[in-house]
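Assembling the complex is the task here: the two chains are given apart, and the hints tell you how they should meet.
Residues per chain, in single letters:
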Amino acid sequence: MEKMEKNNQLNTKENMMQLVFFASALVSVLAVIAICLFLLMRGIPAISEIGLKNFLFNQKWAPTNTPPTFGILSMIVGSLYVTAGAIIIGVPIGIMCAIFLAEFCPISIYKIVKPSVNLLAGIPSIIYGFFGMEIVVPYVREMIGGNGYSILSASIILGIMILPTIITISESSIRAVPKSYMEASLGIGATREESIFKVVVPAAKSGILTSIILGIGRAVGETMAVVMVAGGAVMPLEKIALLKPIRTLTANIVTEMSYASGLHTESLIATGVVLFVFIIILNTALSLIKTKTKN
Amino acid sequence: MYNTKGDNEHMKARKKIILIAMSLMLILSAVGCSNKQTTEFNADKEITVIARDAASGTRGAFHELMKIKVKEKETETDNLAVGALEFDGTDKVITAVEKDKYAVGYISIGSLSDRVKPASINGFFPTEENVKNGDYVVSRPYLLLTNGIENDLVKDFLSFTESVQGQEIVRKMHYIGAVESPKLYEASNISGTIKVAGSTSVAPLMEKIQEAYKDLNPNVTFEMQANGSSQGIKAAIEGTYDIGMSSRNLKDDEKSQLNEHTLAIDGIAVIINKINPKTDLSSENITKIYTGEITKWSEVK
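If you read the sequences in order, they're chains H and U. Throughout, the numbering used here is defined as the position within the first sequence, counted from one, plus 40. Throughout, the numbering used here is defined as the position within the second sequence, counted from one, plus 1254.
Think of the hints as simulated: they come from the structure by calculation, not from any bench. Incorrect hints may appear among the rest.
[Said to hold, decoys possible] From the structure, some residues in chain H lie toward chain U, with a derived Cβ separation under 8 Å:
(1) Thr106
(2) Met173
(3) Arg181
(4) Val267
(5) Lys279
(6) Pro285
(7) Glu296
(8) Ala300
Here a beta-carbon is modelled for each residue, glycine too, at the ideal position from N, C-alpha and C.
The following block holds chain U by itself, in its conformation from the complex (with noise of 0.2 Å):
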């Protein structure tokens, strides 16, 4: 008997922890509530411009393809906006995005979410259709390229990545199939090795790819060096890769001296936040914007 009084100083400890747990919990919901955005969108506030780290393969495309990084012959320059946000995921520029009425965001369109709204470009919207048909400009090609003396492994392992099983990698990895009616591969039991080179944005889903193909092959061995487009280009051309990896269109005189598989095509959406009035952004604009020329979204016309 003599320890119901630590009994009950326990039981009111414990009834005081649960009182201000709750109170707690109230105070930070009507936080949360007073955090709910407003509707009401000022164009007068600053944009919040939202851009990957500068290791990001999507923020190279991106940046390479709406000018905000500008190559003279001998230098790139990235000139991102000063105070520009940099985040290291696509789910933290989402977020940013979703939170933030003012902001704008740049993802791969395989990981566009309802949380945020994508806007057109240049009255395009990024649909599968008209990043195909070339409507939507922030795309970009992930090129296979040979020179045209393709041995049969190489050639089975081009109808791989162009079968349903390596178009279905494609998908998973965020980017968009090229192929219209993919057939179903089946594994020949063939063996060698195929070397790869190029782009350093192509290497992931490439590797990806190359493993599924060894599941299938487990004779078959793969050297790939990622060194840019470039060289996978120049590599393809005289013969010193099996195959090259280009993640930009070719020039004519390249094109006249090679095969092209498109292995993919990726795109990247523009995100904005789903209060925003603007639907549409041009893709000067979009330069604008990044480079911090533009900073209010009164400006943009």
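Next comes chain H alone, as it looks inside the complex (with noise of 0.2 Å):
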């Protein structure tokens, strides 16, 4: 008897539990819903009033104006370049020194890249703006041209923001690499350097092609550095350069939204929606990278 009632208390115990477990994991999935919600219901409304073609493909941004124009084409570009460039500098010196680390770094100098790489992570990208404000314009203007806001300067500040991202996925991945990979290519006669380049990284292709998804993933998203540097001028689009400043979609919302009103702040909640596209489009490109890997 007594014993029966020890289980069932073990068991309500046991249930409470799992209730608290399953409500947390409910939280994420709770949050992910409320934001798809929140935009979806303020977003849509207006881009079907200022129609999505209009929306999507005007490179006029003039929601002062009357009547107003709210076209985000200039800033969607925007976004790609400036994402495009912090992965031609973030990528190939991230893969390089998660290379280093895993395969030729001596313990010592290990112990100092490491915590380097992971204090890198977190520094606060408002810290990122002012560095890029202080030091990467003024150098950018001085020693390459233009008044140094630019796409450059943006994408100097987000390529070493993504650099944690990029060098924590793929060293693991790269040490996750069987020893016996490169104990089969050094036994055939592969020296150490032939047997990393075209064995163990080949091999950890996937880990790496997923920190650069992340990384791009920040890089997307990033805000606050990019508004710093990057001069936040709609850009008609003939007239985009490397040296020219630019206004990426979240350098739209943060500038604006203070004193928006009306509908050029559901313009702006708008343009948020257009983010969260592009970021599920990217997530999807994760799982697909992953379930292909897992075949």
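Structure (structure tokens):
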């Protein structure tokens, strides 16, 4: 009898805890659903009022004109350019650093580089922004040209910001390649370098790709730092250039949200919808890579 | 004792970290030094035009006063130069102008800092005196309007806006006070509702003043609608609202129907880098710079 009671107690306890864990799991799902609903409910009416084609494919953004125009093509292109720039700068450095850390690095240097990479990940983006505004922008202005607020400056800052993501994930995926691969390659007479670059790194391909996609995600979504170094000008497509200022989707939302009203506010939320679609596409790509490697 | 080796390694690693941190700092400061602006000013370089974001009230006022924004019958077009930088805060505009020899920007006069220098416009510097007597052109009044029928509550509120306490809020919000010698306001336990409508630019200041007024008169409530100066003037004339707010001067036919109370003056300073040899800009040149008609400092005559 007593044992039954104890069992019952245990069961209720277990059930309750299960509920707690389930609720915790639910929180993130609910958050995603809530954000989705908010974006769609506020953004879709604005998009239909402006017209989808007019919103996505018009490059003129003039919310305070009468009549106003709300075209975000220039910012979509801006986000793409800045992200591409970040990839060009960040990916080679990141992957080479990861290979160095995983394969060549003496332990004494590893003890310095690894914490530095981790620290880089923890620096708030506003600090990157300050660094960009005070150091990178004047440097680009003096040494390369233009007024410094440019796609190039934004790409440099974002390239640095995505380094920790790329390094950490690439390094662990290179380390996860079974030792036997390396041994086999060495065994058939390949040098250590050949084995690393032709056997180990290709074997870690999916992890490295994952790191790049997560890096892209970070670059697309980054806001504060970009606002401070990209200049925020809405450029007509034909005038977009490496040394000219640019406005990204995130920058558009954050610069104008504070004082906007009416359809202007709604159009900024609609900008968020477009950004959200970008992120969904990236995540889909990520899960495709994962299923592909599993197969 | 078996720990000694580990400790030693730790010490070594720590020393190395310190060494690397120090050399990093050295490199950074070297970069910083090489970035120091040279005092040489090349007037053939392009002007870095800096504006505020589209939703900013300062931008609205500046672009309208400087005719960057052009109004025709039904349309209003902002002709800001292509490639002009847009920042979402006064501090960013100041930093950008401070760091760039060839930059020009605009900020509220109350936010002026000695990191940059204000240009005089048509020969007048943006001082409080020049703004008040109208010599400095980039300014506009914030008016509170009634159609002459003012009940005790409205009178009491208007006297608060012109009091020491009211004008202190005006200064805190970086506007120029418009009252010569404000008196101290004393609350008189009054109650009721005041309906206010009009300028979206005046509304944020008005809100702050209403809050302070409500602290002293807890039984008073406000209804406020920010729908533009013209609507505010119309509402005051018709008497549908107790007070109309306007951020532009009244036309003659409006003047005859309304009582004007100047709450504050909003002055905007045009700022340039300290190294820039220019000290004065004409209002035509400012318009040309901001619409992209002039792109180099050498073209500014």
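Going back to the hint list, which numbers does this structure go against? Hints that this structure does not satisfy do not exist here, as all of them hold.
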